[in-house]
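Since the structure of chain B is provided, determine the placement of chain D on it from the hints.
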Amino acid sequence: MKKTIALVLLFALYRTCFAITAQEITKAVDDNLTFNEGEMNMTLIDIKKGKTIKELDANIIFKKDKGTLMTFTAPAREKNKKILMMKDNMWMYVPGISRPIRLSGKDSFMGTSFSNRDLMDFDMNNDYKSRIVKETDKEYVLEMLATNKNVSYSKIITAVEKERLLTIKQELYTVSGNLIKTMDFSGIKEYGGKLRPSVIVVKDVLTQGSETKVIINDMTNKEINDNIFSPQKMVK
Amino acid sequence: MNIFSIFIISIKNMKRHLRRTILNIISVSISIGILFFFLGYYRGTYIVSMRESFLKYKTSHAQIQTELFNDKKIQDYVTKNTVFYESDKLISKILKNPKVISATTRLAGNGFAGNGQEKMIVQITGCNPETEKEVGIIDDFIKEGVFLDKQDGILIGKKTAELFNLKLGDICFIQAQTINNSPNILQLPVTGIYATGFYELDKNTVFVSLKSANALFDTQNAVNKIFMFFKDMEISMKVSAELRPVLDNGLTIKPWQEYAQGLLENEKSDKIFYSIFILILLFIGVSTITGTMYVNVYERVREIGMLRAMGWLQNEIFLLFLFESLCIGLAGSIFGLFIGGIPTFYLAVYGIDYSQAADMIAIPVFKLISKPAISDVLLCIVVGMVSTMLGGLLPAHKASKMIITDSLRTN
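Read top to bottom, the protein sequences are chains B and D.
So the first sequence is residues 78 to 313, counted in the numbering used here.
So the second sequence is residues 8 to 418, counted in the numbering used here.
Extracted from the complex, chain B is given alone in its bound form:
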């Protein structure tokens, strides 16, 4: 009997010591979502009541802890517009205007359902404290609570595919506890040796029937020069 109890305790201890924690899942999800540095091309489609309202193509250069630079490549009227994010600061450069304009990370991204930060900042691990609220054979459901007030959403419920530790769905909640957006991740593809969702669909609770879709066309892991992350460089 004593042996049985000891075994059960030992098994429980093993589970406790070696089970993946919520924070580890979040970190793994962040790591799987992107590289530390690299470049990607994406298409952003804004759909309202089933009709495509806006379609934007952009090139994104990013480097962890340094910044993210997005340059629009299409359509012609948006071409060469740039958005730069460095930590909590964000600028937009419009060709023909001499100086970059400061943006808020929480403003709507080019009139879509995304906030600027939704698209420019992929690193959740630093800003949220996670806990597993549900676990099934196929997925973890994490509750991520903001650790500071500088983030857009005070709570995020994330469903993570267990096998590949990839985000399947996110529900984004405001400080008042109301659901504001949902994000669905699909179309798992390999980019530079990493599997990650290629399609993200964001739905705004206030405009049901409208959605914004991001399609990652390609992503490469490559070395990025720190110097490009400068508002002054945007003009050049």
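Treat the hints with caution; some may be incorrect.
Just so you have them, the derived chain D footprint on chain B, three or more residues with Cβ under 8 Å [claimed, not checked]: (1) 102-110; (2) 166-179; (3) 219-230.
Partial selection, computed: residues in chain D whose CB lies under 7 Å from chain B [claimed, not checked]: (4) GLN124; (5) PRO190; (6) LEU193; (7) PRO196.
Below, a list of computed lysine-lysine pairs in the DSBU-like style, where the Cα atoms sit at most 30 Å apart [unchecked claim]: (8) B:LYS158 with D:LYS79; (9) D:LYS126 with B:LYS158; (10) B:LYS226 with B:LYS143.
No lab work stands behind these hints, which were simulated from the structure alone.
Nothing here was measured: the structure is a model prediction, and the numbers come from that model.
We put the CB at the ideal spot given by N, CA and C, even for glycine.
Relative to chain B, chain D alone:
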């Protein structure tokens, strides 16, 4: 002949030429009536009505806000630099000044309102329902439901309700950036629908309780404005100066004149236009009266010659016509004040609602009213009498100087 006898003769003369006298009095009274009406109408509608409406809707008599609050930067209405706390304490200090009638707090900011299908940009105004009811204009324009009460709810304009097909009790979504710049949403039932006829209010503004606004902007119990009303709008600068020492550091008080630059500019340009208009009116009035009197006297040259032949002195004739002119002027002015007084009284007591012009003039409540002053009455009497005197004395003077035989020969 003494002055009193000449005065009596002038009265008898007026009776003798009764038809002419009546026509002269009517002529004078029409001009004076128009003048009197217009002066009261201008003051009432353009100064009092417009100003009061604008102040009640937009600026109050004075506002307290942080020094960094910029009314033109709507996107920055709710930031750490533009909100302040413990407004209740401040209000109780303000109300100790006997010239302050009321004060109410607001927390206004930019955001979206929607029905869950669509959304649009609106100004979200959080207010204290009890004091706002007394001070603001919305309560007067509630078409359905009630003003905000203790329960959480939202007041929307008729145009917003139509646009989103929202009815009383339906859930309206409001979204805004919190003070920390995170998006936030509240779902509130529609408790009231108002219609002012003013687009800016009926479509672009929604009202919620201060509690809801604080929950939306995540500002605990902050406000970004205190609206105050004084005993009179004209004392706003003086009272603002008196209240300044009561304010905490970082707060400032601004009288309505600082917000209403546009209105004052408009008033200024309107004043020039209406001054010219009044001058033209005066000119027409004076020339009409003068012309009538001139003809009146000139037709009586023969009579003047007769009086002179009977031994009347030149200055006695002059006095006779002076009295006649003054009497006609006085009677015409009084009658004119009566004629002009009828529409003036109607506008002063009832007014004419002209809210359909609200969008055009960017003021929500617009009533055509009249506010006559004692100075208007005095001005009208002076204008009436001086005009008749001018009209009467010049030809009388000329006629009295004529050779008696020439005067008698005149037809």
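Now for the hints, and whether the structure bears them out:
1. For the stretch 102-110 of chain B, the assignment as covered by chain D is violated, since 0 residues bring a beta-carbon within under 8 Å of that chain's beta-carbons and 3 are needed.
2. As drawn, the stretch 166-179 of chain B meets chain D at 0 residues by the rule of a beta-carbon pair under 8 Å; below three, the given contact is violated.
3. Look at the stretch 219-230 of chain B against chain D: 5 of its residues bring a Cβ nearer than 8 Å to a Cβ of that chain, three or more, so the hint holds.
4. Of the supplied interface hints, the one on GLN124 (chain D) holds, with its beta-carbon coming within about 6 Å of a beta-carbon of chain B, less than 7 Å.
5. Given hint, PRO190 (chain D) at the interface with chain B, holds; its Cβ is 6 Å from that chain's nearest Cβ, closer than 7 Å.
6. For the restraint placing LEU193 (chain D) at the interface with chain B, the shortest Cβ-Cβ distance is roughly 6 Å, inside the 7 Å limit, so the hint holds.
7. A least Cβ separation of about 15 Å between PRO196 (chain D) and chain B goes past the 7 Å threshold, and the interface hint is therefore violated.
8. Restraint check for LYS158 (chain B) and LYS79 (chain D): the C-alpha separation of about 27 Å stays at or below 30 Å, so the hint holds.
9. Proximity of LYS126 (chain D) to LYS158 (chain B) is assessed by CA-CA distance (about 27 Å); at most 30 Å being required, the pair is judged to hold.
10. Straight-line distance between C-alpha atoms of LYS226 (chain B) and LYS143 (chain B) comes to about 21 Å, which keeps the hinted pair within the 30 Å bound.
Hint check: violations occur at hints 1, 2, 7; the rest are consistent with the structure.
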